[in-house]
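Visitor: Chain residues, written in single-letter form:
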Amino acid sequence: MLFRVPIALHSLRCSCLPPLPLSSFLKNPNKTPLTFLFSSSQRCTMASGRTVADVLMGASRAAAAKKNRQALSSQSENSSSPTKKPKALEPPSASDEPKKLETTDILIELRKKGSDFDPKAAASWKDGDPVPFIFLARALDLISNESGRIAITDIICNVFRTVMATTPNDLLPTVYLSANRVAPPHEGIELGIGDASLIKALAEAYGRKEEHVNKQLQELGDLGLVAKASRSSQRVLYKPQRLTIAKVFDTFRAIAKESGKDSQDKKRSYIKGLLVAATDCEPLYIIRLLQSKMRIGLAEKTVLVALGQASVYSEALKCSTSKNYSQTLEEAAKIIKQVYSVLPDYGKIVPALLHVGVLNLSEACNFSLGVPVGPMLAKPTKSVSEILDKFQGTEFTCEYKYDGERAQIHYKEDGSIEVYSRNAERNTGKYPDVVSAVSRFKKPEVSSFVLDCEIVAFDREKQKILPFQILSTRARKGVILSDIKVAVCTFAFDILYINGRPLLHEQLKVRRQELYNSFAEVPGEFRFATTITSNDLEEIQKFLENAVSSSCEGLIIKTLDKDATYEPSKRSNNWLKLKKDYMDSVGDTLDLVPIAAFHGRGKRTGVYGSFLLACYDEQNDEYQSICNIGTGFSELQLEERSKSLGSKVIPKPKPYYRVADSMNPDVWFEPAEVWEVKAADLSISPVHRAASGIVDPNKGISLRFPRLQRVRDDKSPEQATTSEQIAEMYRAQKISHMNNNDEEDDE
Amino acid sequence: MLELRLVQGSLLKKVIEAIKDLVTDANFDCSATGLSLQAMDSSHVALVALLLRSEGFEHYRCDRNISMGMNLNNMSKMLKCAGNDDIITIKGDDGSDTITFMFESPNQDKISDFEMKLMDIDSEHLGIPEAEYHAIVKMPSSEFSRICKDLSSIGDTVIISVTKEGVKFTTRGDIGTANIVCRQNKTVDKPDEATIIEMNEPVSLTFALRYLNSFTKATSLSESVTISLSSDLPVVIEYKIADMGYIRFYLAPKIEDDEEEIKS
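Chain order of the listed sequences is A and B. In terms of numbering that gives the first Met the number 0, the first sequence opens at residue 0 and continues consecutively. In terms of numbering that gives the first Met the number 0, the second sequence opens at residue 0 and continues consecutively.
Chain A with its partners taken away, still in its complex shape (with noise of 0.2 Å):
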């Protein structure tokens, strides 16, 4: 065996101990050498195969390692026939690694329906031993190739039970990682790394050319499965240990918090320390995460779901039938979902998940200022009369519904403001006004609050509310308070959380009087939203109109006093929107044609990830870009489309396409199909080239949030939607949008 060879040549130059260099040791030949020898080998192999040595048999190792495993899996066939042998004729070898677990036992392990689950079974790792980053990845690889909802919670519940079963340690790295998240989104660490960077990585680390991988990524669609690829082809000269779940977990915090001066640089060289250390179809799941794009269908709503079930089995919650077993399950996902609404942070509901149980988790867990929680959202309605159906017997009322940035503003004791986004994003440094204004209108005795508000742009000469087109021209961040040309309103309709105390479960009409209470208007500044109370309908169609003639976009519906708690996160029954567009002009769909397409990434490999739609021009008998449209499609249509259009894919654009340079798809294709797609509305755009010189001058229109809803097999191309329609479309819902004959607003 090569290994021996060197020990019994007693080569000199093998020296494990880093105090003691080769050099001294040459200079000593006397010592011994056989004995140093033998026990510094011993040494290098107990540290976990450290040898060069190792490298040289890690080829021999790994076939033979793989001759044992068809040895060992035939013997499995064997035993699974009638003639069990004996217990006690158990080949010794099983007690080598007793903990050595063939992969394909572990994958059918974690398919398992839960109360069959063993938690201990899929472990291949001792209790408390950092878990590996390959259980979790070959888990993320099982959910990849599974459908069903079901299916995929089990698997990740069963992972998240294993977790908790020996290393609970370990648990929240799993969870955040299974959720693809890094840190709680208001503390907005992302990991920010381009694909531009990962790939840069992936050549340094698997000693390739950044354009190899740049062609492979192509051919494959998929980052991830280059690097799985670029893995497999390169040795190394020693294994890196092997990844664990909280290493690759903190390696991806280092990267998030990595900032500044080589930042780039940085956080690549972690990259490629993970992507180096990684085995099998680790890369795949390291690059994706990294992308945050798993797009294996794991939301995260089931990785909630999984984690209160997890916790029910591992607590083994007593129950008498199964039935009840499945109701417990349904209430800690119910639970767990609520808490983390009220809660968004797994820094903090794992803990005490672990700690307490899922059952006393909203005990323990509970709104805390300064931790966002999402806005709660309203249905849409299609009329007056709807609502008034829906709310039947109950007190309801309106609200404007304004056009602007939805807000939550975090008053803390110690008199610190932040703003945080419907994403939980930190706005604060792209609204120092907002923020300066609140020692204005908050009245003194309030040391502490949380309001939920829409930030309107404004113009404060005319007293106006600008569209919000206007407010999205202001800067992101590190805006200065001197530099302000879009001035704010900001407008408050609800209160979370005031001196101390969560309102989330007080009904709307006591929230909205503690915050009548606690606010002043100020003029320009700081508003309650315009409400009223009514249940007649020409009242309410009055208020709307109005609404919509002082620029909003409609209307939102409340109940005031029953089923009206705050409900974090959740689009809402008892919310209820009313906006002009679902009433008029884009209400009606439009017809379209598809001239170019994107590649699909991740999921859509292999077929269109989106496509480009045009208008037709009649005067010019051309086609003009509107949108781009990837939502609205169903798996199945997707690929009929794929196929369908793939066949019309011609080398360059037509010339009578009319699409802005900047437009790069990655095919072309002849006009041949329509499609109806739905919009919430056209706006002006200086992408999309449809009407423009009709509307205006060099900009065209575009559709905003266009979605599929069939495809026109009777209209032929030159049928579609003309540009003079959508024209015509912009302009009446410019003018159900602006006040009568105020036409210098649209600039």
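Rather than coming from a laboratory, the hints here were simulated on the basis of the structure. The model shown is predicted, which means the values in this text are computed figures rather than measured ones. Be a bit skeptical, because a hint or two may be false.
Derived SDA-like pairs (lysine to any residue); straight-line CA-CA distance at most 20 Å [what the hints assert, rightly or not]:
#, chain 1, residue 1, chain 2, residue 2
1, A, K199, B, N212
2, A, K238, B, S230
3, A, K214, B, G172
4, B, K19, A, D261
5, B, K148, A, E209
6, A, K199, B, K19
7, A, K199, B, T23
8, A, K265, B, I120
9, A, K208, B, D173
10, A, K265, B, S9
11, A, K208, B, V22
12, A, K208, B, N212
13, B, K76, A, D261
14, A, K260, B, N73
15, A, K238, B, V235
16, A, K265, B, V22
17, A, K265, B, N70
18, A, K208, B, I254
19, A, K208, B, E129
20, A, K199, B, V22
21, A, K208, B, D24
22, A, K199, B, S151
23, A, K651, A, S661
24, A, K265, B, D24
25, B, K19, A, K214
26, A, K208, B, D149
27, A, K238, B, V22
28, A, K208, B, S151
29, A, K199, B, D20
30, A, K214, B, D173
31, A, K214, B, S151
32, A, K208, B, A177
33, A, K292, A, S146
34, A, K208, B, T176
35, A, K260, B, T23
Calculated from the model, a selection of chain B residues having no Cβ within reach of chain A, i.e. all distances over 12 Å [to be verified]:
#, residue
36, F102
37, I135
38, R209
Ideal Cβ placement from N, Cα and C applies to all residues, glycine included.
Starting from the known structure of chain A, fit chain B onto it as the hints suggest.
Guide: Positioned in the frame of chain A, the structure of chain B alone reads:
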């Protein structure tokens, strides 16, 4: 107390230039017998081992074995400040967290001191066993460097195969393929220009050219290079440093079946 005086200061400059792209931080181990370094690149694919024996220094004093962690880029920055003919002295005090490079111009009219901060580097020392190699190729270092450079413009891996005929370097890329065969040639004026192939068994291994190109930065240290190959072993590429020691690069082979990958 540490004091190493190297008359041919440019040697140290070349050594650092040769390895600084491969490893960023490394421990220099200093003992009574010499100065050595062993470090693996961050991808665990290549390893560099350096030895400068004490005899090669004009003055060599090392009272006790010490290991000094240095950032090679910073070290290179400092050494670049030394003239090519300068005498370089490395000085260190016990317990100090810095090291001093002293540069003396040949006629002693200029003396510069550069003090560099040391760093703690967590690195494991690997045992490198002597092994029997299937084939050992000795060839002019400039020739090897040229081959690696040329091939890397075609593909990103090279297959090095040694047969009775000679040593063959093959690569394949999008634009085509390249084959370079070097035959044994002992009839040259200078022994350094000879190509000598010792072969027990034919051997063929695939390597990433990226690393080989990085190794050839050591070309200026030695007229000839020795390439030792064995299937299933890392290749060893050795540049002898005259009278002093060597710089050796170990590189793990690529797994063969990726040929298909390149094709596709």
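Visitor: All hints, please: hold or fail.
Guide: Comparing the hints with the structure gives:
Taken as a hint, the K199 (chain A) and N212 (chain B) pair is honoured in the structure, with Cα atoms around 18 Å apart against an allowance of 20 Å. For the suggested pair K238 (chain A) and S230 (chain B), the alpha carbons sit about 19 Å apart, so the restraint of at most 20 Å is met. At roughly 12 Å between alpha-carbon atoms, K214 (chain A) and G172 (chain B) fall within 20 Å of each other, so this suggested pair holds. Taking the CA atoms of K19 (chain B) and D261 (chain A), the gap is near 18 Å; set against the 20 Å cutoff, the hint holds.
The straight-line distance between the Cα atoms of K148 (chain B) and E209 (chain A) is roughly 17 Å, inside the 20 Å bound, and the hint therefore holds. For a cut-off of 20 Å, the pair hint linking K199 (chain A) to K19 (chain B) stands: about 19 Å separates their Cα positions. At most 20 Å may separate the alpha-carbon atoms for a hinted pair to count; K199 (chain A) and T23 (chain B) meet this at roughly 17 Å. About 16 Å separates the Cα atoms of K265 (chain A) and I120 (chain B), which keeps this hinted pair within 20 Å; it holds.
For the hint pairing K208 (chain A) with D173 (chain B), the CA-to-CA distance comes to about 13 Å; that is within 20 Å, so the pair holds. For the hint linking K265 (chain A) to S9 (chain B), the alpha-carbon distance of about 31 Å lies beyond 20 Å, and the restraint is violated. The straight-line distance between the Cα atoms of K208 (chain A) and V22 (chain B) is roughly 18 Å, inside the 20 Å bound, and the hint therefore holds. Note on K208 (chain A) and N212 (chain B): the hinted pairing holds, with a Cα-Cα distance of about 13 Å set against a maximum of 20 Å.
Under the criterion of a C-alpha separation no larger than 20 Å, the hint pairing K76 (chain B) with D261 (chain A) is consistent with the structure, at around 18 Å. At roughly 17 Å between alpha-carbon atoms, K260 (chain A) and N73 (chain B) fall within 20 Å of each other, so this suggested pair holds. Distance hint between K238 (chain A) and V235 (chain B) is fulfilled; the C-alpha atoms sit about 19 Å from each other, no more than 20 Å. Taking the CA atoms of K265 (chain A) and V22 (chain B), the gap is about 15 Å. The hint holds against a cut of 20 Å.
The suggested pairing of K265 (chain A) with N70 (chain B) holds, with an alpha-carbon distance near 15 Å, which does not exceed 20 Å. For the suggested pair K208 (chain A) and I254 (chain B), the alpha carbons sit about 17 Å apart, so the restraint of at most 20 Å is met. A C-alpha spacing of about 32 Å is found between K208 (chain A) and E129 (chain B), which places the hinted pair above 20 Å, so the restraint is violated. About 17 Å separates the Cα atoms of K199 (chain A) and V22 (chain B), which keeps this hinted pair within 20 Å; it holds.
For the proposed pair K208 (chain A) and D24 (chain B), the alpha carbon gap of about 23 Å is over 20 Å, so the pair is violated. Between K199 (chain A) and S151 (chain B) the alpha-carbon distance is near 18 Å, which keeps this suggested pair within the 20 Å criterion. Proximity of K651 (chain A) to S661 (chain A) is assessed by CA-CA distance (about 15 Å); at most 20 Å being required, the pair is judged to hold. Among the hinted pairs, K265 (chain A) with D24 (chain B) is consistent with the structure: their alpha-carbon atoms are about 14 Å apart, no more than 20 Å.
Distance hint between K19 (chain B) and K214 (chain A) is unfulfilled; the C-alpha atoms sit about 29 Å from each other, more than 20 Å. Under the criterion of a C-alpha separation no larger than 20 Å, the hint pairing K208 (chain A) with D149 (chain B) is consistent with the structure, at around 15 Å. Distance restraint check for K238 (chain A) and V22 (chain B): the Cα-Cα separation of roughly 18 Å lies within the 20 Å cut-off, and the hinted pair is therefore satisfied. Proposed proximity of K208 (chain A) and S151 (chain B) is supported: the alpha carbons are some 10 Å apart, at most 20 Å.
Only pairs whose Cα atoms come within 20 Å are accepted, and K199 (chain A) paired with D20 (chain B) is accepted, the gap being roughly 16 Å. Simply put, K214 (chain A) and D173 (chain B) have alpha-carbon atoms about 10 Å apart, close enough for the 20 Å limit, and the pair holds. For a cut-off of 20 Å, the pair hint linking K214 (chain A) to S151 (chain B) stands: about 17 Å separates their Cα positions. In summary, the hint linking K208 (chain A) to A177 (chain B) is supported, as the alpha carbons are separated by about 18 Å, within the 20 Å threshold.
Distance check on the hinted pair: K292 (chain A) and S146 (chain A) sit about 17 Å apart at the alpha-carbon level, within 20 Å; holds. As the CA atoms of K208 (chain A) and T176 (chain B) are separated by approximately 17 Å, the hinted pair is consistent with the 20 Å bound. Restraint check: the Cα-Cα separation between K260 (chain A) and T23 (chain B) comes to about 18 Å, which is no more than 20 Å; the hinted pair holds. Every C-beta of chain A lies more than 12 Å from that of F102 (chain B), the closest at about 25 Å, which supports listing it as non-interface.
Distance check for I135 (chain B) against chain A: the nearest CB is about 16 Å away, which clears 12 Å, and the non-interface claim stands. Look at R209 (chain B): its CB is around 5 Å from the nearest CB on chain A, not clear of 12 Å, so calling it non-interface is violated.
The structure does not agree with the numbered hints 10, 19, 21, 25, 38 stated previously, though it agrees with the rest.
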